[in-house]
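Undergrad: This is what each chain is made of:
2 protein chains.
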Amino acid sequence: MRPKNLEKEEAIRSIALQIIAEEGLENLSMQKLAKAANVSPRTIYIKYENKEDFLIKLFIDEVIGSYEKAVLEKFDPEMPFAEGVKKIWTNSFRYFKENRHYYALMQYGKSSPLLNKAYQQKGIREGDFFAPVHTFLAFHVKAGTIIKLPMEAHRALLFAPLLDLINEYFEHTARPKQVITDKVLADCCEAVIKGLLK
Amino acid sequence: MRPKNLEKEEAIRSIALQIIAEEGLENLSMQKLAKAANVSPRTIYIKYENKEDFLIKLFIDEVIGSYEKAVLEKFDPEMPFAEGVKKIWTNSFRYFKENRHYYALMQYGKSSPLLNKAYQQKGIREGDFFAPVHTFLAFHVKAGTIIKLPMEAHRALLFAPLLDLINEYFEHTARPKQVITDKVLADCCEAVIKGLLK
DNA sequence: TTAGTAAGTAAACAAACGTTTACTTACTTT
DNA sequence: AAAGTAAGTAAACGTTTGTTTACTTACTAA
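Sequence lines, in order, name chains A and B.
Reminder that position 72 of the first sequence reads as 72 in UniProt numbering, one-by-one numbering, no gaps.
Reminder that position 79 of the second sequence reads as 79 in UniProt numbering, one-by-one numbering, no gaps.
Don't take each hint at face value.
Heads up, the list lumps identical chains together, so a pair's fine if it works in one copy or across two of them.
[Said to hold, decoys possible] Result set (DSS-like, lysine-lysine): computed pairs, CA atoms no more than 25 Å apart in a straight line:
1. 183 - 74
2. 198 - 87
3. 51 - 32
4. 57 - 35
5. 177 - 148
6. 110 - 51
7. 117 - 97
8. 47 - 87
9. 142 - 177
10. 110 - 183
11. 86 - 74
12. 183 - 142
13. 57 - 117
If you are wondering where the hints come from, they were derived from the structure by calculation, not from laboratory data.
Please model the complete structure; the sequences and the hints are all you need to start from.
TA: The following block contains the structure:
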């Protein structure tokens, strides 16, 4: 039998992310995607059941999956608290700077009911993803270095400002003056650490 | 001439917010909206030029505008820092608990290029909206009570965790155990204040 | 009271949508 | 080398999209 052309699969995914980042999820159509990826619409349906299936897999496997991998690089749940948080922040910032297109779909995950459903189905919110980060937080609560909060609250304090700053970084890159710099990121990271310490 | 029926205008806007919250922005069509609001499609086009115009006005006037009003209730830029931050947090939490449908479109503002463009056009990101909050932050930087950061960074540290916690609150309300309570919100607020204090 | 007018309706428009049908291509296996 | 098969294409399917056309309604002002 004729073998799959992996380049086409890759093109479909990366061009989808590009369209989502530039024109928005609401402007991504299967026909537009097929044309932009230089592929017949049918080709997309070989691998994915339908549009919903495609978007969920793109979101979970491509975006969340690769982000998790990047965040956890050289991260250890038993690191000193400040060091661990800094690692998470610098890893995240580097990742999105290098993979700008991934950020847009990540943000849609917080808005779209479709992707939200996917989140819940896969149990991401329960700790299947980013498990080492949760271990890290639980470890430091037990050791008494940081304040005790529900896991969801820790995650909100740790990740939400970071993602917002990355958003700000992207919105200003086209402008004359870049406001979100490594220095500002580092200062904010210190503020988050200070807030969580006992 | 025949006078406008203000109830219809109101129905169009509130049902649009409901559809966006329940089915997502990508599933809001003008025909579906018209039918749900018990109105002819043409009626929507009396007031709004097209779909884009409608969404932008819904976002700016209805959502951002009314949120700003709620946040600033009994807020004074010269309040003590901790008191001011607590006021912003409790005002926000109360507002979204009472206006659950508004939250979804607010979140889309961070994803959709359409709404992002609207943000920039209106200069929201530059301080036209939430001006008293910016005055408040600048005041406390000058007074030396909090660390100095670009306005965008202050806003990220102050609002991003709050909005993420509200998101978490809504996602869990249907489940047996409510994790985001007033107590958790208050603890997180304290952490944010502590992080920003010098 | 009636003429004028904007609000509002129902039905329709072309264009675009997600998906499928009918077919061809390019490789593996025997 | 020829048969078998999944990958892949081009064109089309019926629906739904955003928006408009042609018309009616309900009120104001003269």
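Undergrad: The structure should be examined with respect to each hint, and the outcome stated for every one.
TA: Each hint, compared with the structure:
Within a single copy, residue 183 and residue 74 get their C-alpha atoms as close as 22 Å, which meets the 25 Å cut-off; across copies the closest is 35 Å, which misses it. In this homomeric assembly, residue 198 and residue 87 come within 25 Å of each other (Cα to Cα) both inside a single copy, at 20 Å, and across copies, at 23 Å. For a Cα distance limit of 25 Å, the shortest separation of residue 51 from residue 32 qualifies both inside one copy, at 12 Å, and across copies, at 20 Å. For a Cα distance limit of 25 Å, the shortest separation of residue 57 from residue 35 inside one copy, 20 Å, qualifies, whereas the shortest one across copies, 33 Å, does not.
In this assembly of identical chains, the alpha carbons of residue 177 and residue 148 lie at most 25 Å apart only when taken from different copies (18 Å versus 39 Å within one copy). Within a single copy, residue 110 and residue 51 get their C-alpha atoms as close as 19 Å, and across copies as close as 23 Å, so both meet the 25 Å cut-off. For the homomeric pair residue 117 and residue 97, the shortest alpha-carbon distance between copies (21 Å) is at most 25 Å, but the shortest distance inside one copy (28 Å) is not. Taking the shortest Cα distances, residue 47 and residue 87 never come within 25 Å of each other, neither inside one copy (36 Å) nor across copies (51 Å).
For the homomeric pair residue 142 and residue 177, the shortest alpha-carbon distance between copies (23 Å) is at most 25 Å, but the shortest distance inside one copy (43 Å) is not. Taking the shortest Cα distances, residue 110 and residue 183 sit within 25 Å of each other only across copies (24 Å), while inside one copy they are farther apart (28 Å). Proximity of residue 86 and residue 74 under a CA criterion of 25 Å is satisfied intra-copy only: 12 Å inside one chain copy versus 37 Å between copies. Within a single copy, residue 183 and residue 142 get their C-alpha atoms only as close as 31 Å, which misses the 25 Å cut-off; across copies the closest is 20 Å, which meets it.
In this assembly of identical chains, residue 57 and residue 117 lie within 25 Å of each other by CA distance solely inside one copy; the values are 12 Å within and 28 Å between copies.
Consistency with the previously given hints fails for number 8 only.
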